[in-house]
Structures are given as structure tokens and as C-alpha cells.
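Undergrad: Here is what each chain is made of, one letter per residue.
2 protein chains.
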Amino acid sequence: MHKVYADYAATSKHKPPEVWEAMEHYLKEIGTSPGRGGYSLGLEADRIIFSARQKITRLFNGDKQNNVFFSLNVTHALNSVLKGFLKKGDHVVTSSMEHNAVARPLKALEDSGIIELTMVQCTKEGLLPQDEFEKAIRPDTRMIVITHASNVTGTIMPVKEVGEIAASKGIFYVVDCAQTAGVLPIDSKEIKADVLAFTGHKGLLGPQGTGGCYLSERAVQEIFTTVHGGTGSKSDLLTHPDFMPDKFESGTPNTMGIAGLNAALDWILRRGVHDIRAHEEKLTRLFLKGLQELSDKVIIYGPQDAAQQTSTVSINMEGYDAGEVSFILDRIYGIMTRSGLHCAPCAHQTIESFPEGTLRFSFGIFSTAEEVEYILDSLGDILAQK
Amino acid sequence: MHKVYADYAATSKHKPPEVWEAMEHYLKEIGTSPGRGGYSLGLEADRIIFSARQKITRLFNGDKQNNVFFSLNVTHALNSVLKGFLKKGDHVVTSSMEHNAVARPLKALEDSGIIELTMVQCTKEGLLPQDEFEKAIRPDTRMIVITHASNVTGTIMPVKEVGEIAASKGIFYVVDCAQTAGVLPIDSKEIKADVLAFTGHKGLLGPQGTGGCYLSERAVQEIFTTVHGGTGSKSDLLTHPDFMPDKFESGTPNTMGIAGLNAALDWILRRGVHDIRAHEEKLTRLFLKGLQELSDKVIIYGPQDAAQQTSTVSINMEGYDAGEVSFILDRIYGIMTRSGLHCAPCAHQTIESFPEGTLRFSFGIFSTAEEVEYILDSLGDILAQK
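Read top to bottom, the protein sequences are chains A and B.
Using the numbering used here, read the first sequence as starting at 1 and increasing by one per residue.
Using the numbering used here, read the second sequence as starting at 1 and increasing by one per residue.
Everything labelled a hint here was simulated from the structure, so no lab data went into it.
Just to be clear, a hint being listed does not mean it is correct.
One copy or any two copies: either way a pair holds, since identical chains are not told apart in the list.
Straight-line alpha carbon distances no greater than 20 Å define the calculated SDA-like cross-link-like pairs of lysine to any residue that follow [said to hold, decoys possible]:
hint : residue 1 : residue 2
1    : K88       : I114
2    : K234      : P355
3    : K386      : S295
4    : K107      : T239
5    : K234      : L286
6    : K28       : E18
7    : K297      : T141
8    : K83       : G113
9    : K28       : Q121
10   : K234      : E356
11   : K87       : G113
12   : K124      : D236
13   : K107      : L237
Remember, it's a predicted structure, so these values are computed and weren't measured experimentally.
Could you put together the complete structure from these sequences and hints?
TA: As C-alpha cells, then:
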């Protein structure tokens with residue numbers, strides 16, 4: 001049986017071999033913790049983390065590697081940002097296509113009476129109506145949070161245009177790049193975001209247990225520390241350091257994970273994000289075309305245009321339960337997909353697939369046209385059998 | 001040149017080979033994210049994490065594996081507990097030997113006017129004066145936080161006795177086991193703690209990027225979620241789930257790290273914590289005896305009694321700077337140690353080594369008597385040269 005992984009939006013199962021080689025090297029030859037020891041092998045751990053910060057900065061066309069902080073995952077990174085910045089009475093504008101990593105912390109802040117929240121309704125394709133969005137902004141709006149691309153439909157948001165709006169009004173601007181870092185070109189200067197939040201284990205091809213943010217100078221100044229602890233710096237003080245990156249990094253980091261991410265970043269920078277995007281766009285086009293031709297029983301969500309979305313495609317098949325098809329694809333055809341609500345209930349409400357959810361396919365740099373054809377054939381098979 | 005690692009209190013550089021094997025297996029053969037996909041390989045990731053929870057529960061003689069939550073490190077775990085439990089007006093009692101992972105979050109809560117804090121002064125040996133400690137408890141004391149053993153002097157705290165006090169007064173009780181999990185026997189029923197916070201990469205011999213807590217039923221009920229996000233559960237809701245372990249786990253976990261920790265826990269449970277403790281106690285006794293015989297220029301901090309401390313020993317040498325000796329030990333003798341304040345300024349004030357700090361040695365299960373003798377010989381060498 002073929003084994004086809006089509007769940008890159010959850011995690012990139014396949015990594016460049018350099019990733020584990022770097023992790024094995026760290027574990028077997030270094031193994032120390034960074035920032036805390038004077039011995040040479042401790043400095044090796046420091047160098048790895050420094051190098052990963054440099055590469056994230058380069059990837060996002062940033063200026064200061066110390067404005068990168070690392071965290072367990074993008075959820076923790078976003079929590080640090082949202083809860084460290086927002087204050088009593090702030091108004092926040094976001095979209096109806098957000099992942100729970102954004103929606104749940106914002107909802108918790110709203111429920112506890114700290115913020116007021118406006119969730120701008122997107123179109124059925126998951127597209128952001130820019131006029132509506134701009135109208136939602138109020139004089140007391142202090143933050144805009146938006147996903148760079150939906151994890152349900154792949155819809156790419158107009159982050160540059162929203163950045164212009166935010167900049168013109170002096171509103172703090174957070175972009176959730178969980179689905180796009182390493183997959184779409186991201187230019188911090190062009191997007192004008194105060195925060196680019198990323199995860200290490202999806203498009204960046206690193207291991208799970210890594211994520212973080214690239215921060216603007218304003219973000220560095222205006223976000224307060226929410227996690228306090230040892231930093232290996234200013235150890236004479238009981239107050240947490242206020243300089244980067246220590247301000248947002250407490251306790252021993254996931255050095256081994258960052259070593260893997262560092263190698264993955266090398267690979268991505270060498271290959272080039274434009275090239276990765278071209279590969280994924282080609283596969284998405286092939287897949288969308290195939291789906292459209294397959295049967296009129298197939299409902300495709302999102303823009304249905306490879307240029308307007310990532311390689312994530314959500315579908316349903318009339319008369320079939322998404323979970324059932326996902327199960328059959330795995331057990332009979334060896335195809336790994338994800339069905340359900342994908343931790344994004346509002347997005348499913350927006351595209352009118354709530355509460356049943358969808359069957360989601362997502363491709364990566366190691367996916368092939370043969371795999372896409374095999375998935376299409378398998379779906380055709382399932383449709384033919386009923 | 002010999003290469004001797006004597007910084008186990010920072011991280012266990014050496015791991016059982018099974019740890020890397022488990023991580024490599026996860027990365028190459030599984031690679032999926034847990035709790036989020038219906039396909040078989042996704043369930044493999046679930047099983048690893050489930051198995052690690054079971055072993056933590058067994059290690060601490062707990063009852064419910066779902067009362068274990070995992071985090072980036074013990075600092076993040078402690079932050080979740082302290083900030084998720086304490087409310088405006090609460091009084092907290094802690095000791096003067098705490099690491100900044102406890103002291104800094106508590107200080108931040110005090111500084112922002114949320115809690116009142118009493119830090120009970122320990123003796124010069126780092127020992128907790130139980131009478132003083134009990135006197136510090138007030139009618140409005142809602143939490144006691146104490147380290148199981150100091151990361152500076154190794155001093156073991158009377159966590160069982162403090163647990164009796166806490167239980168008799170109904171005070172929420174948090175024990176920081178960063179220095180002791182996997183090294184000293186820890187029985188959740190005997191200690192009567194509401195929270196046992198652990199790190200995965202020190203005595204537990206797992207990789208960095210892992211830590212967490214074992215919680216009592218009271219803790220499960222009374223600690224609020226401070227990090228909100230996707231959990232792969234209750235995905236139809238914008239409110240974070242209130243059941244364990246999802247309540248305290250948001251976003252994709254460090255599955256690879258937990259796979260390594262799971263293998264390390266297997267190794268520890270097979271070997272037995274009593275056996276590990278016996279080995280480390282023997283080496284500590286040898287080292288303390290050697291230091292005492294070395295020169296009257298050597299100042300030894302802490303209890304100077306292997307039975308009353310972990311394998312962590314802090315010293316100074318009259319006429320020498322701790323940082324300088326640490327540097328010489330690394331460069332000339334290949335011995336890795338840690339000098340300075342070890343992220344625990346109050347502990348150094350307590351033992352009267354502030355602000356210069358100490359030279360810290362710490363041993364682990366892979367340390368040998370030969371290494372201890374070599375360190376003693378090297379220190380003798382340095383003393384003889386001046």
C-alpha cells in the first residue's frame with residue numbers, strides 16, 4: 001500500500017535529513033544548556049540558538065536577530081503577545097477565519113472583561129472583506145490580529161493591505177504565520193507587522209516543540225513579560241530582565257529542537273521560499289483541477305484558486321461523512337488527511353461547514369504530483385463504490 | 001585531555017542511548033502530531049504521550065495519568081500554576097532558597113499588587129527552619145511554594161513536614177522538583193503536594209524542551225487556564241476545555257521531546273530511583289570528604305552531608321574568583337562546572353555568597369568515582385600553583 005501524507009497543515013511529517021542530523025549532533029556531541037555555563041560546550045549551545053535567530057530574521061527580512069524569541073509552539077508565542085500587550089478597555093479587531101490559537105485567548109480576554117472584540121465576518125470563501133474590516137476599526141482599537149492564511153481553506157489574507165491600515169492608524173498589528181512561514185514569502189518590512197508569530201514544525205520543517213515570534217521595536221517595548229523565571233542573565237535580580245530575547249524566554253529552551261529548526265532554516269533559505277511556494281502552488285492547482293473534474297458531489301471550500309491559497313484544501317462529498325472518508329483514505333488507501341473542525345470553529349461557520357467540519361488535504365515541499373494523482377484516483381474510487 | 005561533565009544540576013548532558021533511539025524512531029517512523037488526526041500514525045503519537053504520562057504518574061506514586069500536563073520546561077509549568085491559582089489578596093509563603101523560576105513569578109505578582117509574599121529566611125546551610133516557616137503562615141495564606149532541593153547547595157527541604165503543615169491548614173502546596181525528579185524518591189501521597197513540578201532534562205534524563213506538573217484533584221479544579229489555544233478537543237467551542245490534560249496543554253506539544261522523555265522514564269523506572277540516589281549519594285560523600293581534606297582555603301556551602309543534599313555542591317576557594325576557577329577547570333582540565341549565581345540570588349544571599357556567587361559541581365547517574373577523584377586532583381593542582 002502507498003503511504004501518502006497529506007496533513008502538512010498540521011505538521012510536516014517529512015523533514016530534510018539535515019534536521020535530525022543536527023539534533024543527533026546536538027544530543028550526542030553537545031548536550032549542554034545555553035546561556036548558563038562558561039565552558040566551551042555551553043557556548044556551542046548558545047551558537048546554535050543565535051544562528052537560528054539569525055536565520056528567522058533573514059527569512060522575514062528583519063533587522064535584529066535579538067527581536068526573535070522562541071517558545072514551545074505558536075500558541076504559546078501568541079498567548080505571550082496577546083496577554084502581554086492588551087490592557088483593560090482595549091478594542092481588538094480580528095477575522096472570522098482565525099485558529100483557536102488566536103480566537104481562544106482573545107475570547108478569554110473578552111470573557112474576563114479585559115478587552116472588547118470584533119470578529120469581522122469573512123466571505124464563504126474565507127476571504128477578508130477589506131471595507132468591512134476597515135469599518136470595524138474604532139478610535140479605541142488597539143490591536144489587529146489576523147492569520148496570514150487559513151488552516152481550513154488555505155485562503156491567503158491581505159496582510160500587506162491590513163498592515164497599511166494598521167500603520168496609518170498606529171494600531172498594533174499581529175500576524176499569525178503558523179500556516180505560511182517557510183511556505184509563502186514573508187517580508188516584515190512590507191507587511192509592517194509588529195508581531196510575526198511562527199511555528200517551527202510546519203512549513204519551517206523543524207521539529208515540534210519550537211515556535212516563536214519576530215518582533216518590531218514597538219513590540220519589544222510595549223509587550224510585557226507574562227512568563228517569569230531564570231534567564232541566565234541579571235541573575236542578581238528577582239525582577240525579570242527587560243531586554244531581548246530574555247524578556248520573553250524563561251527557563252531552559254528546547255535547544256535540541258532549535259538545533260533541528262536551525263538546520264531546517266538552512267535548507268529552506270538554500271532552496272528558497274519562492275521555489276517552495278511554486279512547487280506547492282503547482283500541486284494545489286493540479287489537485288483543485290482534479291477535484292473539480294471528479295464529480296459534482298465534491299464540494300470544495302475556499303477560493304478554489306491556487307494563487308489565492310496555500311496548499312490546504314478542504315472538501316466535503318455529498319452523502320459522505322468527512323470523518324468516514326478520512327478513515328477510509330487512511331485504512332484502505334494509506335492516505336493521511338484530517339477531518340473535523342481543525343481547531344477553527346469560526347472558520348467552519350464562515351465557510352458553512354459547521355458543526356460537521358470538512359475533509360482537509362494539505363501538501364508540502366516533499367509532496368509529489370504522483371501523490372496528488374493517487375489521492376484523486378482514490379477519491380474517485382470511493383465515489384464509484386457508492 | 002579528560003572531558004568531565006559536572007553540571008548535571010543544569011542539564012543531564014549524558015542520556016541513556018534509548019533516549020535518542022526513541023526520538024529518532026518518532027522523527028523517522030512517526031512524525032505526526034498527536035490528538036489531532038484520525039489516521040493510525042497520528043494515534044502512534046498519542047500513545048507515546050499517554051505512555052509518558054503513565055510513567056510520570058508511576059514515578060510520583062500518583063493515581064491519574066491525566067493529572068500530568070507537559071510544558072516547555074519547569075519554569076513555564078510553575079508559571080501556569082502560580083498565575084493560574086493565585087488571586088488578588090492571597091498571601092504566599094516560600095523560602096529564601098528558591099530558584100528564579102519560583103522567585104521571579106512570585107515577585108512579579110507581589111510587585112503588581114496581586115499577592116503578599118513572605119520569603120522565609122533559611123540557615124546559612126540552606127536548611128529550612130521549620131518553626132520560623134510555620135510562624136510565617138497567616139490566616140490569609142493561600143499557597144506554600146518550596147523547592148524540593150536547592151540548585152545552589154543541593155540542600156534537601158523537609159517537603160513531607162511542610163506538606164503536613166499545608167494539609168492541616170488547607171493551604172495549596174506547590175513543590176518545585178526541578179532538582180529532584182528522577183534523583184530522589186518522590187511520593188505524591190507522602191508529600192501531600194497539590195503540585196509536583198518537574199523538568200524533563202535534568203534528573204529525568206530526557207531532552208530539553210520537556211517539563212510539566214503532576215496535579216492533585218484540588219489543583220485540577222482550582223488552577224485556571226492561563227494559556228489558551230487549540231487542543232484538538234471541543235473544537236466547536238471558543239472556550240478552552242476545562243478537563244485534563246487539555247486544560248493546561250495548548251497547541252502542538254513537543255512530541256519528539258516527550259518520546260525521548262518517555263524512553264528516559266523507562267530507563268529510570270527500570271534502574272530504580274533508590275539505586276540512582278545511592279550512586280549519587282556515594283559520589284557526593286566522596287567529593288565532600290575530598291574537598292574537606294583538600295585545603296582550608298576551600299569553603300564548602302550547604303549541609304556538607306551527603307544524606308542531607310543532592311549531588312550538587314557549591315564551593316569557593318579563598319583568593320580565587322569562582323568564574324576564573326571554572327574557566328581554568330574547563331580549559332586546562334576539561335571539567336565542566338558552573339560559576340556565578342545559578343539563577344538564585346536569594347539562595348546566594350542566604351548562604352552568604354552574594355553577589356560573587358560560587359563554583360558549583362553537580363553529578364549524575366553517569367558520573368563516576370574516577371571523575372570525582374580527577375576533579376579533586378585538579379582542584380589540588382590549581383591550589384598548589386598559587
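Undergrad: All hints are to be evaluated individually against the structure, with a verdict given for each.
TA: Going through the hints against the structure:
In this assembly of identical chains, K88 and I114 lie within 20 Å of each other by CA distance both inside one copy and across copies; the values are 4 Å within and 16 Å between. Only between protomers do K234 and P355 lie at most 20 Å apart by alpha-carbon distance; the minimum there is 11 Å, versus 50 Å within a single protomer. Taking identical chains as interchangeable, the C-alpha atoms of K386 and S295 lie at most 20 Å apart only when both belong to the same chain, with a minimum of 13 Å there against 87 Å between chains. Proximity of K107 to T239 under the C-alpha cut-off of 20 Å is restricted to the inter-copy arrangement: shortest distance 7 Å between copies versus 30 Å within a copy.
When the C-alpha separation of K234 and L286 is checked against a cutoff of 20 Å, the pair qualifies neither within a copy, at 55 Å, nor between copies, at 34 Å. In this assembly of identical chains, K28 and E18 lie within 20 Å of each other by CA distance both inside one copy and across copies; the values are 15 Å within and 12 Å between. Within a single copy, K297 and T141 get their C-alpha atoms no closer than 44 Å, and across copies no closer than 64 Å, so neither meets the 20 Å cut-off. Taking the closest pair of Cα atoms, K83 and G113 come within 20 Å of each other both inside a single copy (13 Å) and across two copies (18 Å).
Proximity of K28 to Q121 under the C-alpha cut-off of 20 Å is found in neither arrangement, the shortest distances being 51 Å within a copy and 41 Å between copies. For the homomeric pair K234 and E356, the shortest alpha-carbon distance between copies (13 Å) is at most 20 Å, but the shortest distance inside one copy (52 Å) is not. With identical chains, the CA atoms of K87 and G113 are at most 20 Å apart both within one copy (10 Å) and between copies (16 Å). For a Cα distance limit of 20 Å, the shortest separation of K124 from D236 across copies, 18 Å, qualifies, whereas the shortest one inside one copy, 55 Å, does not.
In the homo-oligomer, the alpha carbons of K107 and L237 lie at most 20 Å apart only across protomers (10 Å), although the nearest pairing inside one protomer, at 35 Å, exceeds that limit.
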